[in-house]
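There are 2 protein chains.
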Amino acid sequence: MSSAIPSSAVPIPSTFSAEAYFSTQLPPPGLEAEVNGVREFLHRQNAAGRKVVLVTSGGTTVPLELNVVRFLDNFSAGTRGATSAEYFLEAGYAVIFMHRQFSLQPFSRHYSHSTNPFLDFLEIETSTSTSSSTSDFDSPSPTDSNTQLPVFEPDEEVPRICVTASKRADLLRVLTAYRAVQKAGTLHTVTFVTVNEYLWLLRAISHELAFSGRRAMYYLAAAVSDFFLPTQKMSEHKIQSGKGSLVIEMDQVPKILKPMVDEWTPEGFIVSFKLETDPKLLVPKARQALERYGHQVVIGNDLHRRKFEVVFVSRPGDSGDIKESWLRLDEEEVKDGKEIEKDIISELVQRHLAWIGVTI
Amino acid sequence: MSSAIPSSAVPIPSTFSAEAYFSTQLPPPGLEAEVNGVREFLHRQNAAGRKVVLVTSGGTTVPLELNVVRFLDNFSAGTRGATSAEYFLEAGYAVIFMHRQFSLQPFSRHYSHSTNPFLDFLEIETSTSTSSSTSDFDSPSPTDSNTQLPVFEPDEEVPRICVTASKRADLLRVLTAYRAVQKAGTLHTVTFVTVNEYLWLLRAISHELAFSGRRAMYYLAAAVSDFFLPTQKMSEHKIQSGKGSLVIEMDQVPKILKPMVDEWTPEGFIVSFKLETDPKLLVPKARQALERYGHQVVIGNDLHRRKFEVVFVSRPGDSGDIKESWLRLDEEEVKDGKEIEKDIISELVQRHLAWIGVTI
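Protein sequence lines, in the order shown, are assigned to chains A and B.
Heads up: the first sequence is residues 1 to 360, going by full-length UniProt numbering.
Heads up: the second sequence is residues 1 to 360, going by full-length UniProt numbering.
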């Protein structure tokens, strides 16, 4: 899904309001198909009376050329979003997982090819024994031709390939949860790459989710670009590295929390994130965001502490003074490998129930 | 591996020669350990008389802050590099696979979590039957609690998890090749993220590979940043999105092919890549690179045609006029899913043998 040059020439504002953004930047092709997919998904969830959460995850990009060779990116593996999606699913929510293409996803996140490659825990079963480790494996001697691939006659059975014993229990947990979610049809996946795709998708999905009223939650964990290049300023071809320096001048991305709260989805329970690297700025910026946009929760995290500590910033009972409440994993929990998202989602599920008006 | 601010203040040149770069930008922590790993690997390969290729793959980043939140990136999934590495291994080469962290790797590249998730082709075997599809799976009814995880008594056996029949043949091919390479110990993996890490690693590994003389090939498929931010110009904390536009002024990355050819590894067979989006520029720029640096081959590819067409630019017999020779997959081959890297590597293996001086 990439942006094309708009056909009419429109004066380009230096600071974009949300309205100006959507009037001057073209929607990505494929947007309508994505929205239809979301609409069908939500139809089923509403019929089942299920609560829904839109989880956004991963970083957005700002392409520097129309034929993208270079782009500005925001650092985000998608760990927070992918992990949280699993806990929301476990808590009975339907999840729209809107994530950066190729970033972490629920379930498969446990098996990164870099850190936990699944090829390492598969065994090929020969008729008499199981070959797993390379020492067991009956391979040709390591000559110049490393790989003599087995050739099978049409009626010869292909050996079974199974998960090694030591990895079974963990994989079973993940696989069971994965299959249950597939069967229940409670996970819908949407992808974005550029900040333009992200903004158009978020707006369109918010419009659809508005029909779920208070049953909709927004968990905006994506790392969204603050700055972008309007298509009118973009070069068509790869910027040539000539003799001098490269100067990139970028405009601010409009803050879409404002129209989200005011217009697109006034009934939704909106949770945004604030990531800071300077600890002194964390709470002030989180409070500022809540004041400015009027949504329900800002979850603040320090880049270096985010795996074991977050701060919830909100107005208790949705009125009155803004309060902070810190959520931390203790040393024992960290050692046990507990994921902080379990507690984050637990807390949000309760607050969402209160928002919906259910007596606990 | 991230860069720290150098302790001494040095005047910052606006255009960096390779020498100036390595004097003013600090090496990444962990460089020495990486080099030691490469050295040990090469020791074994040299003892076996094996040819070695350094394959670089994926894009490099230019962080905009010292506490990285944003960075400039080069578009590259790593397909070319990861696919080529497999064919080099098949051809009997030892491979140093120097790739962007989390980009595609040989073997696991076939099982992208987005396009071919392995969780989808695993079956849980119950005592009486195999449960694979969600309709077979004996899961709890889809209520608000989607996942009732099985609990196993200590002496109860965990069910086996095996690959579904229809996926076995393909996976067996990949798994067999993977295991053979692990057993032969012919694949060594190195990771980078930033352009700074890339440059320091490339220089250090070239120095080690110089000992392999003509038996060393360099297959430089990585998408390297042309521009970067010297650490001295970088901000420490996340750049705050204030009211105005963001201006980023970047310096040119030194062209390291020059010192590679002239100083670091004069005997190596060096293959570089040229990616262009404007077809008119492809051959001229590829020829220009060969003229400028004096290495062995430039492989040119057009962004939109690279999966089925490349151009080899070289001086036949290493002297005389520069010639181009096009390598294309025909329609039949494309339809059969043939990978162009098979032919690229085939061609390069022959040229490398000639370089080494082996009579074919």
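None of these hints come from the bench; they were simulated from the model.
Some clues are possibly wrong.
[Stated by the list, open to error] Simulated crosslink set (SDA-like; lysine to any residue; CA at most 25 Å straight-line):
1) Lys233(B) x His113(B)
2) Lys183(B) x Thr164(A)
3) Lys167(A) x Lys233(B)
4) Lys183(A) x Trp326(B)
5) Lys280(B) x Val69(A)
6) Lys167(B) x Arg168(A)
7) Lys280(B) x Trp326(B)
8) Lys233(A) x Asp278(B)
9) Lys280(A) x Glu65(B)
10) Lys183(A) x Ala165(B)
11) Lys183(A) x Lys233(B)
12) Lys183(B) x Pro159(B)
[What the hints assert, rightly or not] Computed footprint of chain B on chain A, listed as stretches where at least three residues anywhere in the stretch have a Cβ under 8 Å from a Cβ of chain B:
13) 67–75
14) 111–123
15) 206–218
16) 338–349
Cβ atoms here follow ideal geometry from the backbone N, Cα and C, with glycine treated the same way.
> Against the structure shown, which of the earlier numbered hints fail to hold, in ascending order?
Replying inline: Hint check: 1, 3, 4, 11, 12, 15, 16 fail, others pass.
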